[in-house]
Amino acid sequence: RTIISSEEGLGIYLYEKKRRSVLNKLDTVKHKLFDAYYSQLNAMQRKAVTTVNGPLLVLAGAGSGKTTVLVKRIAHIIHFGDALHGKNSADLTPGELNSLEQLSQIHGCSPDMLRPVLKKLAVDPCPPRNVLSIRFTNKAATEMKNRLKNELGDLADEIWAGTFHSICVRLLHRYIQRIGFDSQFTIYDTEDSKKVMADCIADLELDSKMFMPRSVLQIISGCKNRLVTQEEFENTAGDDFKKQTFARLFKRYQLRLANANALDFDDII
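So that you can map any letter, position 86 of the sequence shown is 90 in this note's numbering, and since no number is skipped, the others follow by simple counting.
These are calculated hints, taken from the structure and not from any lab test.
Fair warning: there could be bad hints in the mix.
Calculated pairs, BS3-like style, for lysine-lysine (alpha carbon to alpha carbon, straight line, at most 25 angstroms) [stated by the list, open to error]:
#, residue 1, residue 2
1, LYS247, LYS228
2, LYS246, LYS213
3, LYS29, LYS123
4, LYS70, LYS29
5, LYS123, LYS149
6, LYS153, LYS143
7, LYS51, LYS36
8, LYS199, LYS153
9, LYS149, LYS36
10, LYS199, LYS70
11, LYS198, LYS70
12, LYS51, LYS29
13, LYS91, LYS70
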């Protein structure tokens with residue numbers, strides 16, 4: 005147990021009081037500066053942009069600025085981290101704090117003027133390479149990349165931005181050798197896959213009317229989307245002749261892909 009004198013206690017109290025006063029003042033100044041920095045956004049958009057911890061769902065109608073909010077949020081995370089809500093250092097000199105306060109009272113400051121000042125208040129900013137931005141279509145992904153480039157310049161090149169398939173292909177080019185493929189693999193489209201399956205059906209001398217390439221590929225696609233391997237599918241066939249045949253085709257199809265150093269669309273995901 006530590007015993008402190010009344011003078012020491014008073015000193016601690018005054019120090020903490022001053023510290024809280026500085027933090028409160030800094031918090032007020034930060035909100036004013038960020039409101040000015042994001043003056044082109046409405047209140048809810050600013051709230052979404054500056055909320056950086058935990059999940060966040062943005063719901064709004066078409067043309068209401070959802071993409072703008074996402075682009076600004078990514079840039080905010082990279083430039084400032086949790087500067088608005090995080091614990092900034094209270095070790096600012098009185099002069100520095102006064103300068104920030106004076107700046108917050110100036111109307112019409114441009115984002116370019118405010119950005120270097122706000123960067124000094126950054127709390128755990130995120131490296132661009134740790135940001136993942138996924139869109140469903142190529143058009144939407146291209147738009148996002150272009151807007152990130154306009155917002156962040158060369159920093160945008162480090163962001164993982166694209167569609168589900170393009171992001172997965174990028175990962176596979178980096179790591180696919182770990183599963184026995186060469187990094188210069190080929191991606192088979194739907195028609196390529198049908199041709200491979202037709203060859204598999206011919207190899208096993210099966211009736212192509214009973215085992216149509218498209219139908220067999222749909223079953224294989226369903227297995228891959230449920231993360232069911234060829235071996236697991238085969239183990240569930242039991243005495244079902246048709247299912248056993250599907251399993252044989254599944255195995256032969258995957259072997260042909262591997263021999264060609266190729267993946268189909270489902271393999272990418």
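We went through each hint and held it up to the structure:
1. LYS247 with LYS228: Holds, at roughly 16 angstroms.
2. LYS246 with LYS213: holds (13 angstroms)
3. LYS29 with LYS123: Holds, at about 18 angstroms.
4. LYS70 with LYS29: violated (32 angstroms)
5. LYS123 with LYS149: holds (23 angstroms)
6. LYS153 with LYS143: The given pair, whose Cα atoms are some 15 angstroms apart, holds under the 25 angstroms limit.
7. LYS51 with LYS36: Distance of about 13 angstroms is within 25 angstroms: holds.
8. LYS199 with LYS153: violated (40 angstroms)
9. LYS149 with LYS36: violated (30 angstroms)
10. LYS199 with LYS70: violated (42 angstroms)
11. LYS198 with LYS70: violated (39 angstroms)
12. LYS51 with LYS29: holds (20 angstroms)
13. LYS91 with LYS70: Judged against 25 angstroms, a Cα distance of about 28 angstroms means the pair is violated.
Taken one by one, the earlier hints fail for this structure at numbers 4, 8, 9, 10, 11 and 13, listed in ascending order.
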